[in-house]
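In order, the protein sequence lines correspond to chains A and B.
Under my numbering, the first sequence has 163 at position 163, and the numbering climbs by one with no breaks.
Under my numbering, the second sequence has 98 at position 98, and the numbering climbs by one with no breaks.
These are calculated hints, taken from the structure and not from any lab test.
Glycine residues also receive a C-beta, built at the ideal position from the N, C-alpha and C atoms.
Some clues are possibly wrong.
Below, computed lysine-lysine pairings styled on BS3-like, alpha-carbon distance capped at 30 Å [said to hold, decoys possible]: (1) A:K343 <-> A:K84; (2) A:K312 <-> A:K103; (3) A:K81 <-> A:K303; (4) A:K196 <-> B:K47; (5) A:K242 <-> A:K98; (6) B:K217 <-> A:K84; (7) A:K249 <-> A:K167; (8) B:K78 <-> A:K190; (9) B:K78 <-> A:K146; (10) A:K62 <-> A:K348; (11) A:K190 <-> A:K249; (12) A:K84 <-> A:K154; (13) A:K310 <-> A:K62; (14) A:K343 <-> A:K68; (15) B:K78 <-> A:K81; (16) A:K167 <-> A:K149; (17) A:K330 <-> A:K68; (18) A:K148 <-> A:K242; (19) B:K78 <-> A:K98; (20) A:K84 <-> A:K98; (21) B:K47 <-> A:K81; (22) A:K84 <-> A:K167; (23) B:K78 <-> A:K103; (24) A:K198 <-> A:K149; (25) A:K330 <-> A:K55; (26) A:K148 <-> B:K78; (27) A:K330 <-> A:K343; (28) A:K343 <-> A:K190; (29) A:K84 <-> B:K120; (30) B:K47 <-> A:K198; (31) A:K348 <-> A:K242; (32) A:K146 <-> A:K224; (33) A:K81 <-> A:K98.
Pair by pair, the computed Cβ-Cβ distance ranges are [unchecked claim]: (34) A:Q42 <-> B:I31: 38 to 44 Å; (35) A:E217 <-> B:I153: 20 to 26 Å; (36) B:L38 <-> A:Q42: 34 to 40 Å; (37) B:F148 <-> A:E108: 54 to 60 Å; (38) B:I49 <-> A:P275: 43 to 49 Å; (39) B:L34 <-> A:Q42: 38 to 44 Å; (40) B:L164 <-> A:E217: 31 to 37 Å.
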Amino acid sequence: MSVSKRSVQLVAWLVVLIFTFVSLACNGGGAGTGAGGSVSLQGAGATFPNPLYQKWLSEYGKLHPNMKIDYQSIGSGGGIKQLKEQTVDFGASDAPMKDEDLKSAPGEIVHVPTVLGAVVITYNLEGISQTLRFSPEVIADIFLGKIKKWNDPKIAADNAGVTLPAKDITVVHRSDGSGTSAVFTDYLSKVSSEWKEKVGTGTSPSWPTGLGGKGNEGVTGQIKSTPDTIGYIELAYAVQNKLPVAQIKNASGSFVTPSIDTVTAAASASAANTPEDLRVSITNAAGAQAYPISSYTYILVYKNQKDAAKGKALVDFLWWGIHDGENFAKELQYAPLPADIVKRAEAKISSVTANGAALR
Amino acid sequence: MSAVSEKFATYSTWRRVLSPTGNTGDAVFRILMLLVALLMVGIVLAKMIALSADSVLSIRQFGFGFLTSQHWDPINGKFGALPFIYGTVASSLIALLISVPFSLGIAIFLVEQAPHYIAKPVGFLVELLAAIPSVVYGLWGIFVLGPFMRQYIQPALASWLGWLPLFRGTITGIGLLTGGLILAIMVTPIISAVVRDVLASVPGSQREAALALGATKWEMIRVVLVNGAPGIAGAVILGLGRALGETMAVTMVIGNRPEISLSVFEPSYTIASAIANEFTEATGDLYLSSLVELGLILFLVTFIVNGIARVLVWNVTRQTGGVGRAA
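Could you put the whole structure together from the sequences, leaning on the hints where they help?
Below, the structure written as structure tokens:
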């Protein structure tokens, strides 16, 4: 009995000691960073560019040790919500904000494109080593549930020389609300009037057919473990996991393999009709090399910053991001902005002010 | 009576309520425990109020139709909860159908039949299963259980029981049945651990009496089971609670499709999975409000199911007068 009592006391003392240590350590750290006019920024939003933004934060932190920037990948919807409630200094979203969202925000919001991403079609067909090719209307019909068999003449028409099996197609889509789904349905709405009418564009569409997987990893898992499946995932995820990706016929009629270069090509091709505020969908872009299911991802900031010091820090960070930061994009499988869009993004960043005074 | 003595009277009544023994330490302890207990009630009430307040918009918009509509289309602003309610209840029922016989078997073996050197490690392993994070179950579900179901279990079910609409449809390995099965695996350790403790608490004299009257070992076990019935029912309720609210593991293998289908091979969707999947990217007040109302419905479904189970337990207890309290 006395032994167990003693051991309980010992544990209690240990707990007290550890707590004291931890709290002392925290205080010490806090005092260190508090000195020397440091600035801390909070950001939240899209999950898709999160690996790149985390890289940016760590690289930028090395250059500017007195800056503390945090980014939480809570999803585009959450990012926009928090920006509107002004609980974060910048938001991030894959799709540009809608007009009604911009109107209901407490101030004018600037869209700064950072990088580009793409959505690819991947599949699991046993015994087929060739890369499959798809026309836009075929993809729409498969995801509408109208093309049910792999050896459907419509699929075969684009894939001469491939012996397609006479098996049922199982469609796999994202079950969680996602910018990836938004880009993909935006593309399908552009290429199929039936899709636009029946399903539409959104982060959580009501899918006419198929199984739902949670996240890129859920969709990939179901595709890998189930034969005769087809689904869509992010380009970066497909490259990292070495999944088969289909070539897709673009608006100019050429079949394009998704890659960093063809995604940047899509942005260049649509630069001419990109509006002044840079809010644009670049799916189904024309141009021989343009991959049709591409999209920008944005950082969202208020045009008029309340706090000049914070505003300056934010503007400097964004400026660094679209110049030096772009160098980290390719290794993480994001497509960097084309040069003309960088110029236009510069103008957007320069337009940010603090109480009427320019910050850059 | 003077004011002073009146004051003293109320004071002493309070004293007596707080501490019948008249000891100050007891009184303090009693108040502390009362506060802790009230905190639980407070948390439940606060959740209820918060969920109701945030779902007002959706309740106003759809009214009772929210519960009966089968359409869930965030793009066009149509929200109906019926497929989610069905998926939640159906997957949990499948889980219990599979899990309860197994759990009873495990518990009976560990308490009544296994020698000590087997009962201890096996009991430990079963409890260890309860500690595995649900996302691990989910990944295992996608990569191991799903393909296994597709290759062996579902074709066998389809060929033997295919005349039932329950076992028709495309075989993908993902769907309501697989979701129910993974839930069964997750709740089995909980149910069997509680049932084991319940059976162990049945007095040895009951067993001795049964055996002394000439009962076989099987008949003796039946006596023990009847005695432990209320506790066993409690264990099942506990497992059911876990199954109703489970999120990650189910969402990986259930197919996440808000549709009601007769076949257990077809994909389905549960309330908890829907909230986890769609909450992060839900924009628009009505969409958010509908998701919160789904949460409120899950709360109520859990309440109702627990209530029904309680009534069942109560009836069983009255009939048998057994030992072991419902958990």
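Okay, the hints, checked on the actual structure:
Between K343 (chain A) and K84 (chain A), the direct Cα distance comes to roughly 27 Å. Compliance with the 30 Å bound is thereby established for this hinted pair. For a cut-off of 30 Å, the pair hint linking K312 (chain A) to K103 (chain A) stands: about 25 Å separates their Cα positions. This hinted pair checks out: K81 (chain A) and K303 (chain A) have alpha carbons roughly 17 Å apart, not beyond 30 Å. Taking the CA atoms of K196 (chain A) and K47 (chain B), the gap is about 39 Å. The hint is violated against a cut of 30 Å.
A distance of roughly 35 Å separates the Cα atoms of K242 (chain A) and K98 (chain A); the hinted pair therefore is violated under the 30 Å criterion. Between K217 (chain B) and K84 (chain A) the alpha-carbon distance is near 70 Å, which puts this suggested pair outside the 30 Å criterion. A hinted pair counts as satisfied when its Cα atoms are at most 30 Å apart, and K249 (chain A) with K167 (chain A) qualifies at roughly 24 Å. Proposed proximity of K78 (chain B) and K190 (chain A) is supported: the alpha carbons are some 23 Å apart, at most 30 Å.
Restraint check for K78 (chain B) and K146 (chain A): the C-alpha separation of about 24 Å stays at or below 30 Å, so the hint holds. Only pairs whose Cα atoms come within 30 Å are accepted, and K62 (chain A) paired with K348 (chain A) is accepted, the gap being roughly 26 Å. Straight-line distance between C-alpha atoms of K190 (chain A) and K249 (chain A) comes to about 14 Å, which keeps the hinted pair within the 30 Å bound. Only pairs whose Cα atoms come within 30 Å are accepted, and K84 (chain A) paired with K154 (chain A) is rejected, the gap being roughly 46 Å.
Taken as a hint, the K310 (chain A) and K62 (chain A) pair is honoured in the structure, with Cα atoms around 18 Å apart against an allowance of 30 Å. Restraint check for K343 (chain A) and K68 (chain A): the C-alpha separation of about 27 Å stays at or below 30 Å, so the hint holds. Restraint check for K78 (chain B) and K81 (chain A): satisfied, since their Cα atoms lie roughly 21 Å apart, inside the 30 Å limit. For the hint pairing K167 (chain A) with K149 (chain A), the CA-to-CA distance comes to about 5 Å; that is within 30 Å, so the pair holds.
Between K330 (chain A) and K68 (chain A) the alpha-carbon distance is near 25 Å, which keeps this suggested pair within the 30 Å criterion. With a CA separation close to 26 Å, the supplied pair K148 (chain A) and K242 (chain A) stays within the 30 Å bound. In summary, the hint linking K78 (chain B) to K98 (chain A) is supported, as the alpha carbons are separated by about 20 Å, within the 30 Å threshold. As the CA atoms of K84 (chain A) and K98 (chain A) are separated by approximately 13 Å, the hinted pair is consistent with the 30 Å bound.
Restraint check for K47 (chain B) and K81 (chain A): the C-alpha separation of about 22 Å stays at or below 30 Å, so the hint holds. With a C-alpha separation of about 49 Å, the suggested pairing of K84 (chain A) with K167 (chain A) is violated against the 30 Å cut-off. Restraint check for K78 (chain B) and K103 (chain A): the C-alpha separation of about 24 Å stays at or below 30 Å, so the hint holds. Using a Cα cut-off of 30 Å, the hinted pair K198 (chain A) and K149 (chain A) holds, with the two alpha carbons roughly 22 Å apart.
Of the supplied pair hints, the one linking K330 (chain A) and K55 (chain A) holds, its CA atoms being roughly 12 Å apart against a limit of 30 Å. Distance hint between K148 (chain A) and K78 (chain B) is fulfilled; the C-alpha atoms sit about 27 Å from each other, no more than 30 Å. Proximity of K330 (chain A) to K343 (chain A) is assessed by CA-CA distance (about 19 Å); at most 30 Å being required, the pair is judged to hold. Restraint check for K343 (chain A) and K190 (chain A): satisfied, since their Cα atoms lie roughly 28 Å apart, inside the 30 Å limit.
The hinted pair formed by K84 (chain A) and K120 (chain B) fails the criterion: a straight-line CA distance of about 57 Å is larger than 30 Å. Annotation: proposed proximity of K47 (chain B) to K198 (chain A) is violated, straight-line Cα distance about 37 Å (limit 30 Å). With a C-alpha separation of about 37 Å, the suggested pair K348 (chain A) and K242 (chain A) falls outside the 30 Å cut-off, and the hint is violated. The straight-line distance between the Cα atoms of K146 (chain A) and K224 (chain A) is roughly 23 Å, inside the 30 Å bound, and the hint therefore holds.
With a CA separation close to 12 Å, the supplied pair K81 (chain A) and K98 (chain A) stays within the 30 Å bound. Hint check: Q42 (chain A) to I31 (chain B), Cβ distance near 42 Å, so the stated range 38 to 44 Å holds. Under the hint 20 to 26 Å, the C-beta atoms of E217 (chain A) and I153 (chain B), about 24 Å apart, fit the expected range. Look at L38 (chain B) against Q42 (chain A): about 37 Å separates their beta carbons, and that is inside 34 to 40 Å.
Checked against the given bound of 54 to 60 Å, the beta carbons of F148 (chain B) and E108 (chain A), roughly 56 Å apart, stay inside it. A hinted range of 43 to 49 Å for the beta carbons of I49 (chain B) and P275 (chain A) is consistent with their spacing of about 45 Å. Restraint check, L34 (chain B) to Q42 (chain A): a C-beta distance of roughly 41 Å satisfies the suggested window 38 to 44 Å. Range check, L164 (chain B) to E217 (chain A): about 35 Å between beta-carbon atoms, so the 31 to 37 Å window is met.
The structure is inconsistent with the numbered hints 4, 5, 6, 12, 22, 29, 30, 31, although it conforms to all the rest.
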